[in-house]
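> What follows is the residue order along each chain.
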Amino acid sequence: MTGLLIGIAAVLVFAILLLIFRIQTLVNVMKGSYTNRVNSSNKFHALGLVIFMTIGLGLFFWYSSVATEHYLPKAVSEHGVKTDLMFWVTMSILCFAFIVTNIFLFVFAFKYQYKENNKAFFYPDNHKLEMIWTVIPAIVMAILVFYGWKEWSEITKQEPKDAVVIEIMGKQFAWQVRYPGKDMTLGNYHFTKIDASNEFGVDFTDKASYDDFMPTELYIPKGKPVLLRIRARDVLHSVFAPHFRLKMDAVPGMPTKFWFVPTKTTETIREELGNPNFNYEIACTEVCGRGHFAMRFIIKVVEPDEYKKWYTEQKTFVDLNKDYVLTKAPKELIPLIGKDNPPIDEPKQTLFPVVDTISTIADTTQKIKL
Amino acid sequence: MDLAHISTDSHINHSHDHDHDHEELSWIQKYIFSEDHKVIAKQYLFMGIMWAIFGGAMSLIFRLQLGFPNASMDWLQPLLGDWIKEGKLDPEFYLALVTMHGTIMVFFVLTAGLSGTFSNFLIPLQIGARDMASGFLNMLSFWFFGLSSIIMMVSIFLETGPASGGWVIYPPLSALPQAVTGSGLGMTLWLTSMAFFIVSSLLGGINYITTIINLRTKGMSFFRMPLTIWAFFITAVIGLLSFPVLFAAALLLIFDRSFGTSFFLSDIYIAGEALQHTGGSPVLFQHLFWFLGHPEVYIVLLPALGITSEIIATNSRKPIFGYKAMILSMLAIAFLSFIVWAHHMFVTGMNPFLGTIFMFLTLIIAVPSAVKAFNYITTLWRGNIIFTPAMLFSIGLVSFFISGGLTGIILGNAAADIQLHDTYFVVAHFHLVMGSASFFGMLAGVYHWFPKMFGRMLDDTLGYIHFWISFVGIYMVFFPLHYIGIAGFPRRYYSFTGFDFTRSFTDLNTFVSIAAIITFTAQFIFVFNFIYSIFKGRKANSNPWKSNTLEWTTPIHPGHGNWVGEIPTVYRWSYDYSKPGASEDFIPQNVPYAHTPESNLPNEVDPVAHKH
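Which chain is which? The protein sequence lines are F and V, in order. Residue numbers for the first sequence follow the numbering used here, beginning at 1 and rising by one. Residue numbers for the second sequence follow the numbering used here, beginning at 1 and rising by one.
There's no promise every hint is true.
Examples of chain V residues lying across from chain F (beta carbon under 7 Å, computed) [what the hints assert, rightly or not]:
id, residue
1, W143
2, P177
3, A179
4, V180
5, S266
6, I270
7, G349
8, I357
9, N384
10, H421
11, R492
12, F501
13, S504
14, K579
For the record, the hints were derived by calculation from the structure and aren't laboratory data. Each residue gets a CB set at the ideal place from its N, CA and C atoms; glycine is no exception.
Construct the complete structure from the given sequences, taking the supplied hints into account.
Below, the structure written as structure tokens:
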């Protein structure tokens, strides 16, 4: 019934509008305003454009100032602070261009509206002027490119030797992380080894796998370089940690990486924001299906000491899944299962080794290989 | 040839061509499988408008979801059926809507609807040709688009839903029905539809290029062509070079999906089983896709810029400022558009060195774009501006082009893009610079050339109302998205309640949705005006905007063949507006210099002027 009423009302409103439209057309015909080159509406639109611009710019300034706390979360990584600076420097240049060009556009439209006895100025070109406004943007762009290139190279350069290596894997619809354990080496994996228990497809014929552990939150130490080895096991995902200005796709079949240095612990930022429940988060930014919007994972940044403590307390996957690993382990590695301190190879590095000359050389060779 | 016969009044000159125009065609040949470029243009336009309404309506549904996440959607159940469960939109259908909105708007509305309409309509009329080089190919081109449209439409009604991996259809998501139901039959139909669409684009493009090169009337040298024609020409060349690459990508994806190849797939474990694919690269697909995808942005935008150039010059009563610079910048944009594609891929894991190169190339493109914007603004300077609805839409376009284009400079910067990639900042950027600007170009074109298309005028008042609501509305919809984007809100999210960092801005999202609803609704003012005016609009005179270009020298209702009698010869460029000394403020292209001694510049003499 209400539907019917609404329908009738809509039809009536439409009929009234149609009638008004028709009357207005006839009035215009009577007034002969169609025969003029322009009618009074020309002034109205000229003024309208300027009013729109004024109000629009007003709203722009007003909202930009009142909403600052919402639209850029604090950067808590070393590179993030720099890219933020670059963002705002670029943004200032852009805002300047945005405001000036729009003002010219609308003010010219207003100022040079049609006047009966005016004649437009025949002005087909001016090479000097055109040269100027080709060269100026070109110079500005050159500076921005240089600036961007410096930052980009810094961010994407080889990670430091002492970086904490953590694997993060995307799947529909969750993130999972794997730490290398005491030997500081992630065990091999292969996608064919994945099953319900072994989500990472960890290869248990590799000795290095036996001390890997998979916590439910991503713990990282403050002030230390952290290297995320990123992969996906089904479709594309993208690791996005907004507070760290970090984003990198997770690609099945093609491991990617991103390294960064967190600068603030979760505790510190909670105090700063006065929000005891605040958490650093990872989201997915490459559409991956039904649950794309819900791939939340928490990052906990802690002091290095706390990190070390937490690291040594973690139970390995093998410890938690002894029966499962027994079915996968080759005979010679079975003794590794179930021992609190499995005999492992010398770790390639300690948790936070001092970078020495040898590793710097190794670093260079690795670069050459790339 | 005697000049008197080919001057302005040549159309009253009965020639032998005349009888040919009146050959009786059956109704089907005339209106369905027509080979007349004007009819085909209208077919494209009607189809484009229909798709625009569909695509727009889809965006409203997902805007409702985003703006009013807690509202019940039960009332949409009669329309959407099982896609609404317990008052909630299905998340997969949400993705399908986003995907279809993108596909429809980019390809069907702003490529076919814009290029198809105006390239077809204006090329022969503005260069002085009877029709396209091949009317038959042109007809085929439209009907391939028709076929493609039908297939895409069918896919929307599938039980498993249409394609839902985003309009970029990145595999593996788009290759695996296990990953999302839309990647089943829906994706098959998407790929089939796009294959036909590409065929349609190529047939159209070949025709536009051939026609412009070969069929220009006497005197219509390249540098006398209106900028519309230049824009359509360059657009067609871009399309011809880039669409085949999408075709290749689609074909390889079809192989991966149906024949077990591994071009794009590798190391996948999904739905409890490890697939046999190894060695493929999902990133390869992205390279192929964006090799079309980026030029596609300019395929969409350049015709709109061409249309705007024409309308702004006409209604400022001034020559377009820097005609040659406009052409050069379009050529530069076209060239650069082929070598910037990987700026969509800075964080896909491709070699960072590539990122550096593409950042450099991308920022270069800002230079010709800036030149274009400055030239539009200078064209307004000291003009005598008449605000027709078309003119207002063109000014709106320039504003969108600037506002949306500038943010591209940030996104093209690899280091800044890390944070902004795939957030609402990108959405804001391209909806302004590509979506809204091109859409305004299309509307401006319809308002401007409606009298030539239908012999009647669109109602101005409704046009003005339409403009103001759309212009303010579009800024209200897309400008706020910048803030949401800087805050890091990712695209294609069904809901923002899952994360702490996306908790804010609920009010702004509601505001955007309301603005979107109002803006969309206002488009029906246009639809009404359009349909009403076709039948009941005020009758147009032969040159309502006092424009210089050749189409206004045809009869008010041009028949097949466009001109009665001989095609006019062209003596000058199309921008002799308000020339000093001239009595009128415009001199059409077909007026010889010999007729206008009072306004000729020193170097302006007809090649055969001595005959007069």
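> Does each hint fit the structure? Answer for all of them.
Quick rundown of the hints versus the structure:
1. W143: violated (33 Å)
2. P177: violated (11 Å)
3. A179: Hint holds; V/A179 Cβ to chain F Cβ min 5 Å, cut 7 Å.
4. V180: holds (4 Å)
5. S266: Hint holds; V/S266 Cβ to chain F Cβ min 3 Å, cut 7 Å.
6. I270: With a minimum Cβ separation of about 4 Å from chain F (threshold 7 Å), the hint on V/I270 holds.
7. G349: This hint holds: V/G349 lies near chain F, its Cβ roughly 3 Å from the closest one there, short of 7 Å.
8. I357: Interface hint status for V/I357: violated (10 Å vs cutoff 7 Å).
9. N384: Result: holds, 4 Å to nearest chain F Cβ.
10. H421: holds (6 Å)
11. R492: It holds, given that the least Cβ distance between V/R492 and chain F is near 5 Å, below 7 Å.
12. F501: holds (5 Å)
13. S504: Nearest chain F Cβ about 4 Å off; hint holds.
14. K579: Given a least distance of 5 Å, the restraint on V/K579 holds.
Taken one by one, the earlier hints fail for this structure at numbers 1, 2, 8, listed in ascending order.
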